[in-house]
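Asker: Residue numbers (the working numbering), protein chains in the order written: chain A, 1 to 477; chain U, 478 to 983; chain E, 984 to 1643; chain B, 1644 to 1747.
Derived lysine-lysine pairs resembling DSS-like cross-links, with alpha carbons at most 27 Å apart: (1) E:Lys1492 - E:Lys1047; (2) E:Lys1018 - U:Lys854; (3) E:Lys1563 - E:Lys1163; (4) E:Lys1163 - E:Lys1018; (5) E:Lys1541 - E:Lys1391; (6) A:Lys452 - A:Lys98; (7) E:Lys1163 - U:Lys854; (8) A:Lys452 - U:Lys502; (9) E:Lys1603 - E:Lys1587.
Ranges between beta-carbon positions, derived for each pair: (10) A:Lys452 - U:Ile525: 42 to 52 Å; (11) B:Ala1661 - U:Pro691: 49 to 59 Å; (12) E:Cys1016 - A:Ala370: 45 to 55 Å; (13) A:Pro435 - E:Lys1603: 18 to 28 Å; (14) U:Pro714 - E:Leu1052: 58 to 68 Å; (15) U:Pro714 - E:Ala1584: 12 to 22 Å; (16) U:Ile525 - E:Ala1050: 47 to 57 Å; (17) A:Ala17 - E:Gly1602: 52 to 62 Å; (18) U:Phe953 - A:Asp323: 55 to 65 Å; (19) E:Pro1075 - A:Leu408: 37 to 47 Å; (20) E:Pro1075 - U:Val529: 24 to 34 Å; (21) U:Pro928 - E:Ser1021: 22 to 32 Å; (22) U:Thr843 - A:Pro435: 18 to 28 Å; (23) A:Pro56 - U:Pro691: 36 to 46 Å.
If you're looking for bench data, these hints aren't it; they were derived computationally from the structure. Keep in mind it's a predicted model, so treat the numbers as computed, not measured. Cβ coordinates follow ideal geometry from the N, Cα and C atoms, glycine included.
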Amino acid sequence: MTLPSILPDVALLALAALLLLAGLAGNEKSERLAFPAAIGGTALLFLLSLLVQPSPEKFLGCWSVTPAGLHFRQLFLFATLLVEAFARSYFRRGGDGKGPLERGSEFLATLHLVLLGAFAVVSVDNLLALFVGLELATIPLYCLVAWRAGDRRGGEAAVKYVVMGAGASCFDLFSFSYLYGLAGSLDFGAVATRVASIQDGSGSSGLLRVAVAALFAGVGFKLTIFPFQMWAPDVYEGAPTPVTLLLSVVSKSAAVAFLLVLMHGPLAPALAKTQELVLLLSALTMTVGNLGAIHQRHLRRFMAYSSVAQAGFILAALVGPADRATGAALFYLFVYAATNTLAFAVFAVAGEERGETFECLRGLSRRSPALAGILAVCMFSLAGIPPVAGFVGKFFLFSSAASAGHYLFVVFAALNGTLSLYYYLHVLREAYIVPEEEGKENGALRVDPLQKVLLGCLLLAVVLLGLLPQLSDFLSR
Amino acid sequence: MSSPLLLSAIWVVPLLAAFATLFLKRDDHLAVKLVHAVCHGGNLLLAISLLVSFLAETEGALPASGTVTQLHFAMDRIWIPALNIHYNVGVDGLSMLMILLTAMIIFAGVFASWGIRDRAREFFILLDLLVAGVYGTFMSFDLFALFLFYEVAVLPMYLLIGVWGTGRKEYSAMKLTLMLVAGSALLMGGILALYFGSHLQTFDLNVLSQYPFPRSFQRLFFPILFFGFGVLSAIFPFHTWSPDGHASAPTAVSMLHAGVLMKLGGYGILRVAMYVLPEGATEWFPWLILPIAVNVAYGPFVALRQRDLKYITAYSSVSHLGLVLLGLAVCTFTGIKGSAMQMISHGLLTGLFFALIGMIYGRTHTRNVDEMGGLMKRMPFLGVSFVLAGFAGLGLPGLSGFVAESTIFLGAFENPSAVVRGCTVVAILSIVTTAVYILRAANRMLHGPLPERFGTLTDAVWNERLAVIVLLIGLFGMGLFPGWIADALDGSVAPLFNNLVRAVVP
Amino acid sequence: MENAAALPFALRHVWIVLALPLLSFVLNGLWTCRKKESWSGPISTVLAGANWIFGTLCVWQWWKASAGLPGRSMVPWSFDWLTFGQLGTFRPLTAGIGALLDPISAMMVFVVATIAFFVHVYSIGYMREDPARGRFFPLLSLFAFAMLGLVLATNVFQMYVFWELVGVSSYQLIGFWYHKPSAVAASKKAFIVTRFADAFFLLGIVVLAWVVRSFDFSVLNSAAAAEALLRPVSFGFFEAPALPVAAALVFAGGWGKSAMFPLHIWLPDAMEGPTPVSSIIHSATMVVAGVFLSARMFPLFSAVPSVMGLIAFVGAFTAAFAAVVAIAQQDIKRILAFSTLSQIGYMLFALGAAAVCGGGVLVAGYSASMFHVFTHAFFKCLLFLVAGSVIHVAGNNMLSCMGGLRTKMPLTYLSALAATLAISGIPPFSGFWSKDEIVASAFQAGHPVLGTVGLLVGALTAFYMFRFFFLIFHGEARSDRSHAHEDRWMTFPIVCLAIPSLCAGILAKPLFESAFRPRLLPWVQAVEGTHAAFVPVAATLLALLGAVAAWFLYCGPKADVARALDAEHRPAWYRLVYRKFCIDEIWLFVVRRILFERVAAPIKWFDRKIVDGAMNLVGKSVVLAGWCVNALQNGSLATALAFAAGGFILVWLLAGNLFP
Amino acid sequence: MTGFSLSAVLVLAALLFAVGLYGLLSRRNLIGMLLCVELMLNAANVNLVAFARFESGDPASGALLSVFSIAIAGAEMAVALAILVAMHRRRRTLDADELNELQG
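With the rest of the complex left out, here is chain A (with noise of 0.2 Å):
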C-alpha cells in the first residue's frame, strides 16, 4: 500500500504538537520524556520520508511533495536528528558550564516548528505560502537562539539576530510586494510568465530588478552571503552550541532551499541573469568566510566563518543548470550537515572543561588519538581533501557550475578551497604539532555512550560517502 506523500508532514505536526503538550504538562516526567521521544519522533519520520514516493497532487490547493521536495525533507529530517542527538549528550553533560536544559521538551517542540517551516518552503507553490513558510522557518529560531538570553552573551546574540533577521523578513516581504505587483498574482506560475515577457523587453524591469535585489538581501541573511553575513559570527558564538549547530545545517538549508524554489520557480526565465548575480556573491562570500577564519580562536566563531565559505561554495553550485545544481547543493548539504554535526560534538566533548577555543584541543592527539583522528577527518572532509565525503560534494559542487561553463571560476574556487585547508590544517595543528604544556596531560576525555554511537556513524557517514557515494545518484535520479 503506497503512503500518502503527505504523511511526513503532518507527523511532523502531530509531533510538534504533541510535545508542546507535554511541555505544557510541565510535570518531571514528561521533561526527561521530551529527548527521547523527540529523537524517535523524528528518526521515525526520516524511514517515513525515505519510504513515500513524490506525488504531483496538491494539498490545501498549494502544498505538493515533489521529488527535489521529498528529498530536501529527508535532509532536514537527517539534519534535526543529528542536531537533536548532539544536543541531548550536550545538555545532560552541562552544556559549555550553562546547566542543563530547563523546559526541554519546549525546546524541541519549537525546534519541530522550524522544520515545518522549512517542510512549507519546499512544497508551496505561491508567494504568500512561500512567506508564511519562510517566517515559520526563522521566527522560532529567534525563540531557540535566546533559549539562554539571560547570560550576557546569549542575550546580545540573540537581540542582534532579531533584529538583522526582522530586516531581512521586511526586505523579503517587499521583494514579494513587487513581485506580486507585476504579476498581478501570487501564483509562481503567473509570476514566471510576466517575467518571462519583460526578459523579451515588453515592459519596464525596474520592479524586478528592487525585487531580485530585495530578494537577495532577505535569503542573504538567512543563507550569510557576503554583504548581509555580519551577524554569523557573534551568533553563533553567543547562542548554545547545539542552536549554533542547528543555524548552520537546518536554516542554510533551508535557505539554499528558498533560493533554488525561487530562482527555478517564479524567476526561471531570468535564470542566465540571476546565475551571474549568485556567481559573484559565491566567490565574494567563500573568500570573506575563508579570510575571516584564518585568525579565530574561538571554536563556535571559526565554524561560523567556515560556514560563510561553505555557503559561498554551496552558491558556485547553484550556477549550474537546474538537475544538476540541486543534486549537488543537496548530495553537499547531506555532507555538510554530518560533517558540522561531528565536528561539534568534538568540540563539545574537548572543550568541556576548558572551554570551546583552540587551546582545548591542544594535545588532543596524546589525550585520546581515536578523537583526534576524528577530528582530522572532520577537518580534511571540510576542505575538500580526498578521501573523505567533502571532496566528491566539493567535486560536484564544482562540476555543476563547471557544466555552465565557468572554468575559471572553479579554478578561483578551488584555490579558495586551498585557503580553507589553511585554517582547517591550524585546528589539526592545535590538536596534533603544538605541545601540550606540561602538567595539563591529563587522561582521555569522558565520552558517555550516546556521543559514542553519533561519533562512529558520523565518522561512517563521512568516511563511507567519500567512498562509495551511492547516495549521489540517488540524490540526482
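Starting from the known structure of chain A, arrange chains U, E and B on it as the hints suggest.
Answerer: Just chains U, E and B, lined up with the frame of chain A:
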C-alpha cells in the same frame, strides 16, 4: 597470476595495513612496524610478480602504431553514474615501473623509519594513506580517480612533516601542503574543463585523448594542467616548497616525497596534459622550456652554497626533476622515454640519499656538512652507499642516473629548434656543477680527519642495511641492464608520441 | 661481426679479458667486507696474471686471424646494451658493448694487461703494512676493468661509459688515503677537471649521434658520416657546420683526461695517491686515453685540418711547458708527473703534425705516436715503480732526503739507469726510436718549427731525467740509510720492466711501421715520405748534451748539490717555474671567486629572497586580509545593518546592468 | 478618494521604506529600531494594497498577503520584545552600541 584484482590489491593492501594498525595498542611499536614490514614486503613481491607477468605479456610486442595506450590487467567498473565516473584501472610500461619504484621505496622507507617512537601508529597510518594514493594515481586511467588518488597522496604530508619533522617543521609543512593543494586546485578546473569541454561526458583518458579539442581551448587549458602538475615536480617558480619541505620532513616521508611524489607531477603532465592536449603541448613547450632549463642549471648552483645535507639533496631533486621536464618538453620519442627513465632513476637515487641522510642524522644529530668529517672510517657501509648514491646522482655509467640522462640528452638534441638546442647544451654542461656539489658534500662528510666527538659512532644496523640494499639493487639493476626498461617504456611512450606527431601535422 | 664459430678460442671469448678484472673487483670487494684483507692481494695478483696471459693470447690469435682483414680490425664479440628511439622520424639508435680488436686496441690491451700485472705484484710489497689494502686491490682491478673496456670499445658511447668508470676509479685511488685532506682535495680536483672535459665529450657524442645516427667507430670514421657532418647544425647560441665543432668537442674529452695544457692542473696533485696508482694510472694507461681517443677518431679528425692544427699546437705547447716546469721540481713524483705530461704532449703533437701542411696525412706520424705510446708506457711505469721504492726507503718524496742510494739498492739503480737512458732518447734504447720517429715525422710533414720544438724538448727531457737520476742515486746520503733495503716483491717488477724499456724500441719498430696504418677517408690522400737524415743525429747529440749538463750540475766534482736542492733563494724566474707558473692559483681564483662567490651566491640569494620571498609575501598578504576582515567585524549591530543595506544597494545596482 | 495614481502610492511606499531603513541604521535605541522595522513592513503592505487596488488580476490574494504579513509582524515583534526584555534584565541597557562584547 595476472588478474586485474591483483593490480587493485596493490593500493588496497596499504589501507588494510592502516586499518589493522588501528587495533594495536599505543606503545606496541614493534608490532606496528612488523605489520607494516610484512604488508609492504608483500606489496613489493606482488609488484614484482605483476612486473614479471607484464614483461611476459609484452615480450616481443612491436611498439603500437596507434594513439591509444594499451592497458594490461585492465578493469573498468562504473563508480559514480551521476558523472559517468569509472574505476578504470590498468597498467602500461611506465605505470608498472613506477608502481615497482614506489613499492621499493616504501619498503625501504618502513625500515628506514624503524626508530619512530612518538605516536608510531598515526605515523604509519598516514604513510599508508600516502602510498595508497600514489599507487592509485599510477594505475588509474580515469581522470577523476587519478585526481582523487593524486590529492590523497598530498593529504597526509602536513601531519607527517608537522608532527614528526625537524627544524622549521610547521612552516615547511604548511608551505608544502598549501602550494601542492593550490597546484591541484588548477587541476580541478582543468579536469572539469576536459570533462565538459569535450561534450563526451567521460573521464576516460583514452577516450578523451582521441577527442579533437579546439586549438584555442587547448591553448588555454594546457598551461593550467601543466602548472597544476608542474608545481609537484618543482617547476622553476614554484619549487621553493621542495627544499624546506624535504629538509623538515622525517626520513621515510622525504624518501617517499622526493622519490615518488615529485614523479607524480611529471607522470601527470605526461599522462594527462600531453596525452589529451597535444596541440597545446606542442604550442606551449617552446616557451615552457625556459623555466625548465633554469630548473636544470639553477639547482646545482644553489646546492653548491647549501650547508644542510637535506637542502643539497632537495636542490639536486629540483635539478633532476628539471631534466624530467626537459625530456617531456622536447616532444621527441627518445626525450619522453628518457624522462620516464629519469623519473625511475631519480626516484631510487633520492630515496637512497634521504634514507642515508636520515640514518647519518640519527647518529651525528647534525646535517651541517661542515661539522662532519671522516665518517667513512666509523660507518663504512653508510659511507660507501652515500658515495654510490652520489655517483648515481652525477650520472656515472653502470648506475641508473647515466642511462636516463644520456637518453634525455640524445632525445633533447633531436628537437631542431634553436631555443631547445640551447637549453639542451646548458643541461649537458650542467652535469659538471652537479658533480661539483655532490663531491663537495661527500668529501666534506665522509673524508678528511674524523672529529673526536664522532669517535664512537656505529655503522648501519640490520634494518637500515636492508633498506639501503633494496635501493642499491634498483640503482644497479637499472644501470647495468637498462635494456628491459627501455623496451617496457617503448610500449607506453609510443601512443603518446604518435598523438603528439598527429597534433603537429594534422 | 665475423661468424663466431670460425674464430679461435681466445677471440671467441674476448669478454674474459674484461670479466677477469671485474671478477677480481667483486671477489675482493666482498672479501674485504668480511674483514679478510690479507687474502685480497694474492687473489687479485693471480687474476691479473691470468688476465695478462689471456690478453697476450688474444692479441696473438688476433694477429694471426686478422692478417687478411682491411686495417686488421675485427669485432669478435658484442651485444646491444641500450636502444634509444624506437619510432619517430629518426632511425633507431642503439649503443652496444663489445670488443673491437685492431692494431691500436690490441697494443693497448697488451700494455694495460702487462702493466696491471706488474703493478699488482709491486703493490703486494708496497701496501704490505697499509691496513686499508683490502680496499686498494679491488679498486685497482676495477681500474683495469674500466681501462680494458675503454680500449676495446666498439663505439664512442661504450668508450664514454668506460671513460667515466676510469675517471671514477682514478678518483677513488687518488683519494685512497682519505684521512689526508690533501689527498681528498686532489681526488676531487682530478674528478671535477676530467668531468668538465667529459661534459664537452658527451656533447660531442650527442652531436655525432644526432647527425650520423650511429655510435660505431666504423660508421663515424666513414666517408658518409663526414659528408653528413658537413651540414650546418644549430647549437642554440650559434650555427656552425657539425664536423669541426663535433671533432673539437670530442677531442676536448681527451684534452681533460690526458691533462693537456690548461687542464693539466690535476695530474701533479694526483700524486697524492699511492705510488702504484700513479705508476699505472698517471703514467701508462689513463692519461694516454686522450691520445687513444684521438687515434681512434683519427680518420675523422684528419679530415678537419683546423682540429689537427689544434692537436699539434696543444701537444707541442704542453710538451715544452711541462719539460720546463719539471726542471725546477723538488718532489720526485711531480718530476715524473710533468715528464709524463711532456711525453703525452709528444704523442699528441705527433698525431697533430701528421697533417701535412700542403694537405694529405703523413702515415708515419700516426704510427710514430702509437709507437711512443707503447714504449713510454713501459719506461714511465718503471720510473714510477723506482720512485716508489725510493720513497719507501727515504720516507718522503723530496729530493732533499735522498742521494747515494746506489750502494743500497743496486738492482733498482740499474733499472732506473735503463729507464732514464730510454726516456732521454739515447740510442739504442726504446725512447730514442719512438721519439726520433715523432720528430722526424714532424719535419717530414713540413712543420720545421714543431720539429725544432721537439728536438729542444728532447734535450730538456734528458736534462731533468738525469737530474732526477743523479740527485737520487749519486752524491752522499742526505738521510740515514740504516734500514734501506730492496723489497723482493717491489724489485722483481722493476727488473722485469727494465727489459722492454731497453729493447722494446728495436724489436717493435718494424712491427709498428707495417701494422699501424690509419684507414683514411677517400678524399684524404696518405703521404709516405722518407726520413730527414739529420734528425736522429741531432736528437742524440742534444740528448747527450742534456745528460752531460745534468752530470756537470748535479753529479760532477764541482756540483753544488745544496744550492740545487733549495728552491727558495733562487732568482724570480726559477721560483715562478718552481710554482708551476701559478696556473693552479689562477684556476682556483676562477672557480672560487667567480664561480662560487659571483655566480652561486647571488643565485642562492635570489632563490631564498626573491622566489621564496614572493611565496611568503602571498601568504602574508592573505593573512593580513584575514586580519582586516576580522577588524571589520567590530560586533556592533549598526555596522552589520549598514553592510546589509549597502549590500542591498550593491545588488540592486548589479541587477541594474544585468537585466535589460 | 480618487485622483492619485498607482505610481504615486508606489513612491509613497518606497519613501516609507527608505525612512524605515534610515531609522533602522541610525537609531541607537533597540525599541526604536524595531519600530523602524515595523515601518518597513508596512511600506510593503502599502505596496501590496496599492497593487491589489489598481491593477491586479486577482486583488484578493494581495490583500490576503498584507493581512498575513501583519499577523506575522505581530508574532515577530512579540518574540523580539520578549528577547529585549530578557536581555535588559541582564544588561540593564537598550543601547545597540553597548552590545559589542561578541566581536573579532
